[in-house]
Amino acid sequence: MLEIENLRFAYSGEGPSFRYDITAGPGTVTTISGPSGSGKSTLFDLISGSATPHGGTIQLAGNSMLELPVARRPVSILFQSNNVFGHLSARDNVRLGAPRDLSGTEPAILSALETVGLAAYADQRADRLSGGQQQRIALARTLLRNKPILLLDEPFASLDPELVGQMRLLIKKLTGENRWITLVISHLEGDTGEFADRSYEMRDGRLLPSG
Amino acid sequence: MSRIPVLTLLVALAFTTPATADEKPTLTIYTYDAFAAEWGPGPLLKQGFEAQCACTLDFVAADSSIGALRRVQLEGPATKADIVLGLDTATVQEARNTGLFTEHSVDTGALKIPTGWSAPDFVPFDFGYFAFVYRKADLAEPPHDFQELAGEDDNLKIVIEDPRTATPGLGLVLWVKAAYGNDANEAWAEIAPHVVTMTADWSAAYNLFLQGEADMVLSYTTSPAYHRIAEDDFSYEAASFDEGHYLQIEVAGILKSSPHKDLANQFLTYLVSEKAQNIIPTTNWMYPVLPVDLPEGFDPQPEKTLLLPDDQVAANAAAWTSEMLAAFR
Amino acid sequence: MLSRQTVGWTIGAAILLLIAALFAALFAAPENPAAPAIDIADLLRMTLTQAAISTTVATISGTAIAIALSRLNFRGRALTISILSSAIVAPAIAVALGLLTIWGRAGLIADATSALGVTWNWSIFGLHGIVLAHAVLDAPLVARILIDRLDAIPADRLKLGQCLGLGPWQRIRIVDWPALAPALPGAIGLVFLLCFTSFPVVFLLGGGPANQTFEVAIYGAVRQSFDLGGAAQLALVQMLACLVVILPVLLAAPQFGETATHRGYVWRPGATGSAISALIVAMGLLFYVSPLIAPLLRGLTAQNLLRLFALPSFWQALTTSLLIGTASALLTAILALQLSLARAGLRSRPARTALLLPAYAYLLTPAVVISLGLFLIVRAMGFAPQSAAPFALIIGSVLLALPFALSSMAPAADAIAARYGKLIQSLDLGPLTRWRFIEWPLMRTSAGTVLAMAFCFSLGDLGIIALFGTEQFATLPWAINRALGAYRTNDAAAMTAILLVLNFAVFLVLPRLIAGRHTDA
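Chains as they are written, first to last, in numbering that gives the first Met the number 0: chain A, 0 to 210; chain B, 0 to 328; chain C, 0 to 520.
No lab work stands behind these hints: they were computed from the structure. For glycine and all other residues, C-beta sits at the position ideal for the given N, C-alpha and C.
Here are some of the chain C residues that sit facing chain B, going by a computed Cβ distance under 8 Å:
#	residue
1	Leu-99
2	Gly-103
3	Arg-104
4	Leu-203
5	Arg-222
6	Ser-312
7	Phe-374
8	Leu-375
9	Thr-488
So the derived label-pair ranges between C-beta atoms look like this:
#	chain 1	residue 1	chain 2	residue 2	range
10	C	Leu-115	B	Ser-272	52 to 62 Å
11	C	Phe-308	B	Ser-272	28 to 38 Å
12	C	Ala-281	A	Pro-15	31 to 41 Å
13	C	Thr-9	A	Gly-36	46 to 56 Å
14	C	Leu-299	B	Ala-109	47 to 57 Å
15	C	Ala-77	A	Ser-16	25 to 35 Å
16	A	Ala-50	C	Ala-281	23 to 33 Å
Here are some chain C residues pointing at chain A (derived, C-beta under 8 Å):
#	residue
17	Pro-153
18	Asp-155
19	Arg-156
20	Lys-158
21	Leu-159
22	Gln-161
23	Cys-162
24	Leu-163
25	Gly-164
26	Ile-173
27	Pro-177
28	Tyr-264
29	Gly-269
Given the sequences, and given the hints that come with them, work out the whole structure.
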């Protein structure tokens, strides 16, 4: 269970300030919507450790995450773009998700690529692949990392509508199988429907359940 | 882009000196910069000569005396120069060979120069001796000849000038040649380890020495006098070498192309007059060619003088320079 | 109204013509058959060795500084980057002299070690001294060029890498390298060229005939043996050698002086990584700044200044330098602008290259060839060198600064054409409207950098003034040279300090004044 309570952050100067309260369980997809600049991505920065909150708590299974450095947080994160390193092959991009001391990762990499349907492209340079394929490679890497929390920051925004449907199914399936706690920032209509187990919305600097 | 013409006009205006309206002739002298500088002999000589000549005297400074000669060579017969002033014993033959200079009518009989002077085309106006200058505090027992210098501990460092670009550097080549003749290459091999660097000109070498990069610098016997008189600093000395010191005589010559040869001769006569010679020691820091009283602070001249004949120098300077450089490769 | 292309091609052709005329003037001049033969193969070997070692050291240290700087976020980081960029205008001779006061036999380090009872026997003269000076001068340049690329890495990419827990080497290989790789050839090419044609550093620190560059040999051929034809030949060999090695990479030129784009995100490494990064940046700054501070401390004493300010020749030299600098800066900016705008309108790649080629070819022409050629041309045209001196000085500095100016302005003009070209066409804007509302606002930052750089280049010139300078017409560097030639070391030190202060003040302040509130645009 991921529990965020009274988590506060403000940009220096006269920027807006934000407050977040949210709970999400393993195997569920939670969507977060709101206008741009409303502080959605800031929440992800706080969870992943890219930003430091001014107060409040983030707990995973009862343990506080705030003290952990970025690299040790139990989090995988995916953005709208820039999720793969263009000059590396698909295989090497996925390999970056493997724990460093793990040997014999080859089969694991290949099976992750198979899961996202891209085993045939293992040795292609990532920048030769389409936007949707790149997102799926990033997802394969997430699979290999297998961290409890998956943060998706507008992952479908630059994809074709038909691809979006496939991606949703894939994410939903992987979330369930791996018992991930998946948070998705999106303002696509469809994301608040069947895809989401719960939905939140940023309003006036606060994160509130929608509907 | 109408801005360009306006700009050029402004710049041109800023640098154009107003033309003099009077009919006085102008005598133009090409020389090296330190001679013409506001602290050099130039301004005082100009003042003194203009008071007696009903003319205008113009010094045009090149970066060095050889630079002044090069400029005349580049300009050819169209040159504005009437006189080139500042050539020395090492370069005078080269200047002679250009065929650009003419004989003078100045009486040089009364001039006191250690080796004498008889050339009909150039007038000597001051002279000096090359010497290694050091700080008394750093060097209690300076070497007394090249052999002692070579035999010093390796930590004793000297800075010299490149003979290809600087007069003192060439002077040192001639000095060693005059002292050692055919053994010069061996002398160079022994001196070389002490040479910390070879600079392009005198000023670079002297400043490295002043900054403490070397114990001795190739300069002149008169250098300490500058520090004593101008700076009231008595810590510098010129090492006296038993082999003798190589002489550098500075000369001036009249160009064939000059339309003012009479005036030019008048100036050279003035240049070796007592009045002008009194100006030289404390402005150009060289010895005067007349036996005028030297100000306190000047050391007596070295006892033994070395000088190679002009024609030998002109014929062999390149080969001797290569011989010297070979020791540094 | 002339089309922009016509103006551009005319400028290009004029520059090409001038270079041809410079060489023609030298070849037409009398040769000296008695001049000692110069071993070109040996010279080429010495120059290439020196340039290769210097470039390697400067590139590696510069890259390390850039990477370290990209790991840090501290107050004064922007200033640090500005200081590093100022290396492009740092007068090499001042740096070389400054290095002596740090590393020399009587320098700071020697003092410090002797206080500890250890003798400092390392001599700065020789190949290693040259390499050290080049590293000090050029590593900041490399760092400056590369830090822009690192700062431009998208924030998402950094967060992702951090989240994946990439180690320090992995980060360099996977995240930094793809950003650095495209900029490296240009940076290496530029540094190689600067080291290959280096003159004052090799002159002062070379230690003698064992270390030479073409520039030094050309100077010798002109000054001592008066072998102008031989000098022109050497200059041609130097140009060809540089052309073969450099031009291909130089045309993919790096940018100078642009203020860094906003960094999206700072990925701070752990405590050890941060400490190492801070140490590298501090060392880099120390190496670069210390030789510049030393002459300031030595020169800027009340006693020196009072003595200097009483000299009329100082004020005259200062005024001349400022006037010439201003004229050079304006002319450089105008020419660079015309060439950039003309180029931005061209489609074909060969044509785009050809338009800038003359300006770049100038970078390879030795200063003494420029100066001597101009002198001969002026003579041939029947002018007295004294009256032509300001123009020769301006032309020389402008052409020296132009390639650098173009590398800043051309990409800006290209960006406008790529982004707004169609829109501008559809709106049918006249050239003046287009200039006033679109090009000037978008290019003024770059224009500020160009003006400052050209001003400083002109301020530091010692090559052209060496033939045109007289006691009536002197610039600040020329006045310094004169003072040094007459035992007046204190005057020289004070003027060097003033030159340095002027140089860095203009370089750091002018671009900000001109860019105005558009700095952040």
